[in-house]
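For this one, chain U is given, so just place chains S and R on it according to the hints.
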Amino acid sequence: MTFPFPIVTFSQHVSFVNPMAKTFTLQEIATALEGRLMGDGALRITRLAHPSDIQNSEDLALAMDAKLLPLLKDGKAKAAVIALRDEKDSAFVGARIIVERPRLALARLTALFAEPVTLKTGIHPTAVIEDGVSLGKNPAIGAQVYIGAGAIIGDNAVIHPQCYIGENARIGNDALINAGVKIGAGTLVGDRAIIHFNTSIGADGFSFVTPQTGSVEAAKAGNGGAVTASNTALIRIASLAPVILGDDIEIGANSCIDRGTIASTRVGNGTKIDNQVQIGHNVTIGENCMICGRVGIAGSVLIGNRVVVGGASGIADHVTIGDDAIVMVMSGVAGNIAAKMIVGGTPATPREKAMETMFNVGRLKQFFKKIDELADKVKKLEKGE
Amino acid sequence: MTFPFPIVTFSQHVSFVNPMAKTFTLQEIATALEGRLMGDGALRITRLAHPSDIQNSEDLALAMDAKLLPLLKDGKAKAAVIALRDEKDSAFVGARIIVERPRLALARLTALFAEPVTLKTGIHPTAVIEDGVSLGKNPAIGAQVYIGAGAIIGDNAVIHPQCYIGENARIGNDALINAGVKIGAGTLVGDRAIIHFNTSIGADGFSFVTPQTGSVEAAKAGNGGAVTASNTALIRIASLAPVILGDDIEIGANSCIDRGTIASTRVGNGTKIDNQVQIGHNVTIGENCMICGRVGIAGSVLIGNRVVVGGASGIADHVTIGDDAIVMVMSGVAGNIAAKMIVGGTPATPREKAMETMFNVGRLKQFFKKIDELADKVKKLEKGE
Amino acid sequence: MTFPFPIVTFSQHVSFVNPMAKTFTLQEIATALEGRLMGDGALRITRLAHPSDIQNSEDLALAMDAKLLPLLKDGKAKAAVIALRDEKDSAFVGARIIVERPRLALARLTALFAEPVTLKTGIHPTAVIEDGVSLGKNPAIGAQVYIGAGAIIGDNAVIHPQCYIGENARIGNDALINAGVKIGAGTLVGDRAIIHFNTSIGADGFSFVTPQTGSVEAAKAGNGGAVTASNTALIRIASLAPVILGDDIEIGANSCIDRGTIASTRVGNGTKIDNQVQIGHNVTIGENCMICGRVGIAGSVLIGNRVVVGGASGIADHVTIGDDAIVMVMSGVAGNIAAKMIVGGTPATPREKAMETMFNVGRLKQFFKKIDELADKVKKLEKGE
Numbered sequence: 001m002t003f004p005f006p007i008v009t010f011s012q013h014v015s016f017v018n019p020m021a022k023t024f025t026l027q028e029i030a031t032a033l034e035g036r037l038m039g040d041g042a043l044r045i046t047r048l049a050h051p052s053d054i055q056n057s058e059d060l061a062l063a064m065d066a067k068l069l070p071l072l073k074d075g076k077a078k079a080a081v082i083a084l085r086d087e088k089d090s091a092f093v094g095a096r097i098i099v100e101r102p103r104l105a106l107a108r109l110t111a112l113f114a115e116p117v118t119l120k121t122g123i124h125p126t127a128v129i130e131d132g133v134s135l136g137k138n139p140a141i142g143a144q145v146y147i148g149a150g151a152i153i154g155d156n157a158v159i160h161p162q163c164y165i166g167e168n169a170r171i172g173n174d175a176l177i178n179a180g181v182k183i184g185a186g187t188l189v190g191d192r193a194i195i196h197f198n199t200s201i202g203a204d205g206f207s208f209v210t211p212q213t214g215s216v217e218a219a220k221a222g223n224g225g226a227v228t229a230s231n232t233a234l235i236r237i238a239s240l241a242p243v244i245l246g247d248d249i250e251i252g253a254n255s256c257i258d259r260g261t262i263a264s265t266r267v268g269n270g271t272k273i274d275n276q277v278q279i280g281h282n283v284t285i286g287e288n289c290m291i292c293g294r295v296g297i298a299g300s301v302l303i304g305n306r307v308v309v310g311g312a313s314g315i316a317d318h319v320t321i322g323d324d325a326i327v328m329v330m331s332g333v334a335g336n337i338a339a340k341m342i343v344g345g346t347p348a349t350p351r352e353k354a355m356e357t358m359f360n361v362g363r364l365k366q367f368f369k370k371i372d373e374l375a376d377k378v379k380k381l382e383k384g385e
Numbered sequence: 001m002t003f004p005f006p007i008v009t010f011s012q013h014v015s016f017v018n019p020m021a022k023t024f025t026l027q028e029i030a031t032a033l034e035g036r037l038m039g040d041g042a043l044r045i046t047r048l049a050h051p052s053d054i055q056n057s058e059d060l061a062l063a064m065d066a067k068l069l070p071l072l073k074d075g076k077a078k079a080a081v082i083a084l085r086d087e088k089d090s091a092f093v094g095a096r097i098i099v100e101r102p103r104l105a106l107a108r109l110t111a112l113f114a115e116p117v118t119l120k121t122g123i124h125p126t127a128v129i130e131d132g133v134s135l136g137k138n139p140a141i142g143a144q145v146y147i148g149a150g151a152i153i154g155d156n157a158v159i160h161p162q163c164y165i166g167e168n169a170r171i172g173n174d175a176l177i178n179a180g181v182k183i184g185a186g187t188l189v190g191d192r193a194i195i196h197f198n199t200s201i202g203a204d205g206f207s208f209v210t211p212q213t214g215s216v217e218a219a220k221a222g223n224g225g226a227v228t229a230s231n232t233a234l235i236r237i238a239s240l241a242p243v244i245l246g247d248d249i250e251i252g253a254n255s256c257i258d259r260g261t262i263a264s265t266r267v268g269n270g271t272k273i274d275n276q277v278q279i280g281h282n283v284t285i286g287e288n289c290m291i292c293g294r295v296g297i298a299g300s301v302l303i304g305n306r307v308v309v310g311g312a313s314g315i316a317d318h319v320t321i322g323d324d325a326i327v328m329v330m331s332g333v334a335g336n337i338a339a340k341m342i343v344g345g346t347p348a349t350p351r352e353k354a355m356e357t358m359f360n361v362g363r364l365k366q367f368f369k370k371i372d373e374l375a376d377k378v379k380k381l382e383k384g385e
Numbered sequence: 001m002t003f004p005f006p007i008v009t010f011s012q013h014v015s016f017v018n019p020m021a022k023t024f025t026l027q028e029i030a031t032a033l034e035g036r037l038m039g040d041g042a043l044r045i046t047r048l049a050h051p052s053d054i055q056n057s058e059d060l061a062l063a064m065d066a067k068l069l070p071l072l073k074d075g076k077a078k079a080a081v082i083a084l085r086d087e088k089d090s091a092f093v094g095a096r097i098i099v100e101r102p103r104l105a106l107a108r109l110t111a112l113f114a115e116p117v118t119l120k121t122g123i124h125p126t127a128v129i130e131d132g133v134s135l136g137k138n139p140a141i142g143a144q145v146y147i148g149a150g151a152i153i154g155d156n157a158v159i160h161p162q163c164y165i166g167e168n169a170r171i172g173n174d175a176l177i178n179a180g181v182k183i184g185a186g187t188l189v190g191d192r193a194i195i196h197f198n199t200s201i202g203a204d205g206f207s208f209v210t211p212q213t214g215s216v217e218a219a220k221a222g223n224g225g226a227v228t229a230s231n232t233a234l235i236r237i238a239s240l241a242p243v244i245l246g247d248d249i250e251i252g253a254n255s256c257i258d259r260g261t262i263a264s265t266r267v268g269n270g271t272k273i274d275n276q277v278q279i280g281h282n283v284t285i286g287e288n289c290m291i292c293g294r295v296g297i298a299g300s301v302l303i304g305n306r307v308v309v310g311g312a313s314g315i316a317d318h319v320t321i322g323d324d325a326i327v328m329v330m331s332g333v334a335g336n337i338a339a340k341m342i343v344g345g346t347p348a349t350p351r352e353k354a355m356e357t358m359f360n361v362g363r364l365k366q367f368f369k370k371i372d373e374l375a376d377k378v379k380k381l382e383k384g385e
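Chains as they are written, first to last, in our numbering: chain U, 1 to 385; chain S, 1 to 385; chain R, 1 to 385.
Check the hints yourself; a few may be wrong.
In silico DSS-like pairs for lysine-lysine, Cα to Cα no more than 27 Å straight-line [what the hints assert, rightly or not]:
hint	chain 1	residue 1	chain 2	residue 2
1	R	380	S	369
2	R	379	S	377
3	U	353	R	365
4	R	365	R	380
5	U	383	R	369
Hint data in this document are derived by calculation from the structure and do not stem from the laboratory.
So here's chain U without its partners, still in its complex pose (with noise of 0.2 Å):
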């Protein structure tokens, strides 16, 4: 199969293509950027590029990063994006929006130029929708979908194909579920959420009990090294408390959440959660959050509001971590974690400690040696040399 576009080299931007070829003039673009517009405003505009990457005088080059003001000196882009700190250093003469935060002008770009998937309005006539069923206005219900008896569908939801909505579950308006997502029984899906590819929503959760005292019980009550009991057998905990998920919450592909016991599992309004991400049963997650990719975060756990987790970390079950706090990148959570608080690690402890231990553990070899060489001194001194 030949490419469209050479993969070959290795540090090669190739930019995203324009299937409907929407286009804008770099006014429309300036104003909805709240930019700063220099330069001939109607030109007009169909494709985003890395300045590396210009291809004709139709693209509008990104150069938000003083690193990328470079690229612009060949001449082949027309128009560019620069950010306002930078406008000082950019020789640039081209058309130019001049904008404060980069990364929001960004997210303004990409949602002008985002395409959504196409989905038509109404029932694919290979969906299967169980009795019952209450659906909104404008639904959209695509190819191999299987709706439960009694779920209920909001207004101009769009669910795409070889998505699972178990029984009773309700998915809000303006939701988007895309391909392959399964949802259980009874979930709660808020408005405008967006959830990811072959993502699954409401499995039961892991909790066994053993009919007597446990390994782990026995080492959680002692500190031996070695297991004192064993377990005969593994008796299964139901989940009888559906997932709620607030509105405007986005999760990405792969990802679980599972049941509550008797306390649903919940997700408040506003939370991001990435890919293949764990979320335990009976856990709570409050407004805002942003769980990065590959979090576990295990039962009962309750996470305040805007709190940010980042990627492959970990939380123990039963932790409480506190409004705003931050959460390292690969930490392990093992206690609480007070509101604001900034920790790493594993065991996670606030930054400076984390920062201290990970520097200090690289200086162990220089720290030995002084040891050594002390116990040397000391060895002279006692025999009075």
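Only chains S and R this time, still in chain U's reference frame:
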């Protein structure tokens, strides 16, 4: 969308719904729990609830933790379950069931009220059943299920929508396969197995070889810091042997168990595996193990019976772990673990050593200070001060 | 259910089944392996088996490891494959093939006996093919597959049940897409690609911005232990650029590769990716890399050619890793890695440093004791004892 439950309050509990309105008398519940009943056994119970979330007189407050007893003082709960160890501290005068082992009581309580998701017996017309499939008694095959040629489905097996059962696979009696599960060709799944959303059983193992000595081989052979060989090509080792899963296993959502190369990857009877667990090719796991969420087990690992592997741990290839061992959370197991050992840390060491190391790392700052002070003192002594 | 194979014995091997009963003569196998044949080349072989699992005279014992040679002594095996390096130590007198590079022989042996899962050529009647899809020669499109408008499917491509191919995506010639894979709109998948169950290619990147300085930005700017800004809202940055995958790639089960913001996320020819790997937006990975299971690669990472990333490692955003580098298992890469470097630990450092640090951390107890003893000696010296 208006939620039937508020989700704004961070620490508030939202108890399960009971759509089928199962009800039991307190006497029936006490009997099921093998608990001691005090008070009105004729009380009708329709819901299990956190003591802070009692809505009416038919709620049973689960207060099997000393910290929850004060919540019963508001008088809302007419009935509660209380742990024997807390009985003397409880001032609760309502009807109550006294239980010896709270989590075991929870298992039995949730089993009473659990609602299996409805799936009609029979074969949904949108299911695709290839030639030569053998179906047991009372199969429930959901919408958009695919069953490959020669597969054998046991009696009373429930296969939810959008599952894929590969050719010649066997699913045991009373197995429950949730939506979106993919089970590869030839896989054996035992009786009463439960597998959750979007889990993949029987993908090919990740196994490649370079035509000549590759970079990793060279690195393993030497101790240098630089790679001395280059991977000119990666040649695939196919996975010939299907996965074999025992009876009474449970596997969470979005987990993976790969095929073996020439011998099967196997999981023994009664073992429970959480969400997002990765089990590599040729692995053997014994009976009644618990493998917690986000664990990765590399190729050819041998795990004995009743082993517990804590969340987010990793186990290197070819490691053997003996019966009843416990791997603590977020550990990295690089070598063999004897039976009944408790290990933690990366690389995993016996618990005391792991705890000691963790503790010692946290004390580095004070020891570094102590060394510097000693050095000063020694310098003074050397100068004869 | 009665298993055709016992699963009770912990260390017992259970060899693969050969449902199609492919057979080869020992001579044919020796030729395929480029091995030296000794003994009866006319022997008919129907199965590859672990030396401990020989069932009849048509089994070929794979004994390409010195530890396995004693297992041949029971005389059950009539034919074996033995490594050249072990030949002098082998007392095996049956027919045998002597091979130079055992894992390469294993690749060739398993390629001979591998059984591709059957999928009839043609389009299954339950597949949904939208308008304007272009199908190559001999397509095999399975049941319940969805192919979006404008997609291009290469010659001889095999797309198993329940896959989703988004609009305008392109799947290369001879590609093998296993059940439940979701491939987003516009994705390019190269020739001979193999993708396993429930993997998600082309979900949106995880990229958000706060209207004003957010908590993480403030934390990065300062070194304090507390958060000095609050995330009042999280505004979405859309992902405009589709994923581009080269030829001859393989991707495991339940993995994810996200779209790019304005430039594509790309994976080069020949690269192999294991299960549950997460590759973030804007990442570029070169050719012939191996990315092992449960690895997380954050946004905008650049990885060169022939790089090996060990299992469960994490790579921080914007990091660059040079050609032929090796990242050891369970590492956390926080900074750039030069070509041919071998790094390990968290934060990852060159191998010697990482090993030294690990070793030193384990010796802390004895050094702390040494410091205390030194302090006692110094005290005595100070007292003039």
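Evaluation of the provided hints:
{"no.": "1", "hint": "380/R <-> 369/S", "result": "20 Å, holds"}
{"no.": "2", "hint": "379/R <-> 377/S", "result": "9 Å, holds"}
{"no.": "3", "hint": "353/U <-> 365/R", "result": "20 Å, holds"}
{"no.": "4", "hint": "365/R <-> 380/R", "result": "23 Å, holds"}
{"no.": "5", "hint": "383/U <-> 369/R", "result": "22 Å, holds"}
Violated hints: none; the structure is consistent with every hint.
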